[in-house]
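Chemist: Spelled out from the first residue to the last, the chains are:
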Amino acid sequence: MNNTLNETGHQGALRLLLSAGCHSIPHALRKSAMVAAWFAFLTFPILVIKVNTIENTVAWRWENMLAIAVATFFGSYVWRWLLARKEIKRDEAKRESVAERLLTKVQSHPILKLAGLAAIAIPAVLYPQVFDLYQTNIMVSCLVFIVLGLGLNIVVGLAGLLDLGYVAFYAVGAYAYALCNLHWGIGFWTMLPLGAALGTIMGVILGFPVLRLRGDYLAIVTLGFGEIIRLVLENWGDVTKGPSGISNIARPEFFGMKLTIAQSTMYMYYIMLGLLVLTIFCVSRLQHSRIGRAWLALREDEIACQAMGIDKVKTKLLAFALGATWAGMAGVVFAARTTFINPASFTFWESAMILSIVVIGGMGSIRGVIAGAIILILVPEYLREFSEFRMLLFGAIMVMVMVFRPQGLISAKRKIYTYKGTSEAGSGQ
Amino acid sequence: MSNPVLNVKAVDKDFGGIRALDDVDLVVHQKEIVALIGPNGAGKTTFFNCITGIYAPTSGDVLVDPKATGDPVRVNGKKPNKVTELGMARTFQNIRLFPSMTALENVMIGTHCRTKSAVFGAITRCKATRNEEQAVIDRSYELLKLVGLDQYVNETSANMPYGKQRRLEIARALATDPFLLLLDEPAAGMNPQETHDLEKLIVDLRDRFDIAIMLIEHDMKMVMSMSDRIYVLDYGRMIADGTPREVAENPAVIKAYLGESDDD
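Heads up: the protein sequence lines correspond to chains A and B, in order.
One point on numbering: in my numbering, the residue at position 122 of the first sequence is 122, and numbering is uninterrupted.
One point on numbering: in my numbering, the residue at position 8 of the second sequence is 8, and numbering is uninterrupted.
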């Protein structure tokens, strides 16, 4: 097969398109015909038959079946071609993509780096001035999810502990602010560090019982933990006000001034932007520190990691605690932004969403998580125009990313260290 | 002779009804190269796992005495990271590197238990942390150079050739600053030339760092030429020990390796 793939010129590309993944063109035709027939059969009940219950008639829309058959027939060619192309480029995919190389280049050059930062910072700062309230609001929720993604990235991406109940910490932060504000009138700025601290404590509390667990087992336990928190919030009505939630939570104050909704959204945007910068700063420094390396080692091989003198208990707890810190903080912001919270905002769906951000973006990669959050949060928003197909397209995007870029959109890069012998080694190669 | 750095007394290890180690005694002195040999399934790796804390021995004592002062510490049931902190570092029979980390980072992990910087230092990147980090990087590079891997510094360990991965594991273990290096089949899967180079490296490491080395190995040529003393394990029992010559002539050892002939 490789010979056909390596042929250059139009003929080679055409032949690849026509027979990718099959031994001959007739075989490819047969395969595609099967796919078309199968899809026609699958979609028959919903796309062909239309029962009109008022007039008691059945409309047979055969043209739909034809359209599906033709579309999947050609679609299957494209699909096989993409898969074959991925196989050929597998070695290239392991290396950096063009975009990644460009990013690295920009990062390693001081002036370009500054220019790049400015190119991101200026639009980010001007965003709420240029766009309307609706757009700003979407962006704030996107920023919240980036922070959540970066927090979970510590647990899942760096330490390799699959956490399906991350939203629990988010809920803890949100409810902490809501309740403290309701009962004692504690303000946003006081609660922000307190929420983070509460998140940390909850992280340690969850961390202790799951220290011995790994992989699937850990995932199930954390999933259970997430549900426990949600159920407590739903059923402990005396304290949490149950499913009806807590309303009229104070927005953050700006030196005692009363802000209109538009102003306070803008204010929220800047708070979130600041928090995001803080998060990126802390996470990237942690990632490239002694602790970050210990997390990576723990992810790669637990036994070897212990045998090399790393305290497994301490390292795991630290990952859980630091991951939960950001969720606690994001929770406070969430409560302050929506001014109303109830347990419905903290379901498994949110956990799955944050996890998808980390996995699709690229585990352990800060840039990846940011890209993942932007895609997963903004795409469904902008797809509202295709309301019926919104979730279908959303799902399709996720499948596509995982099939064609299983390592995530932007994969993590190993840091290049400078050591005494850097120049000698460089010339020696 | 001076006090032993590792003194294993009457160690048993049971797995359910199976006795994997039965009353095993072993001592290692400073700057000694000791080999542990035996047929497959004799319990050699189990022995390593017992003394490094991966398993807890069922009974017996594992005593370590890093400075050979005659005041040993009992390490039974201590966690592997505590044992490593005390100064026993090991490699694994089936290589256990951190595959997606670079060679340098793998070695840097080894320095973890000898360094201190924590969350605060990591985030503020204060002077102490920066100095420590640079010292770690420089030392790790030195170690890589020592085992002859300086051209692989920034290569992920999964992409390195097999023989080099074994060397990297040794460098990583050395980074923990051990007084005793435990090598589990370091020459497995190597060609004669690589084995020969490895032998030179091991002897060189002993002389350079003044450490004791204990190894499990099946390559008899290597074992016989480099070890000061050899222990032979068979079915969990220590059946012989002594200099290479003594062991090679010991009838019990010959029996264990070649089997007993029917006519005796």
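Think of the hints as simulated: they come from the structure by calculation, not from any bench.
Because the structure is a prediction, the values reported are computed rather than measured.
No residue lacks a Cβ here, since even glycine has one placed at the ideal position from N, Cα and C.
There could be a bad hint or two in this list.
[What the hints assert, rightly or not] Below, a list of computed lysine-lysine pairs in the BS3-like style, where the Cα atoms sit at most 27 Å apart:
1. B:82 / A:314
2. A:415 / A:113
3. B:79 / A:314
4. B:164 / B:31
5. B:67 / B:82
6. B:164 / A:415
7. B:200 / A:312
8. B:164 / B:127
9. A:413 / B:79
10. A:413 / B:116
11. A:415 / B:145
12. A:312 / B:82
13. B:31 / A:314
14. A:314 / B:145
15. B:127 / A:314
16. A:312 / B:79
17. A:413 / B:127
18. B:78 / B:31
19. A:113 / B:116
20. A:413 / B:164
21. A:86 / A:105
22. A:312 / B:31
23. B:31 / A:415
24. B:200 / B:67
25. A:415 / B:116
[What the hints assert, rightly or not] Restraint ranges, calculated between C-beta atoms of paired labels, are given here:
26. A:224 / B:76: 32 to 38 Å
27. A:402 / B:257: 38 to 44 Å
28. B:73 / A:228: 55 to 61 Å
29. A:33 / B:218: 36 to 42 Å
30. B:40 / A:393: 32 to 38 Å
Chemist: Could you work out which earlier hints the structure fails to respect and list their numbers in ascending sequence?
Modeler: Numbers 7, 8, 9, 13, 14, 19, 22, 23, 27, 28, 29 and 30, in rising order.
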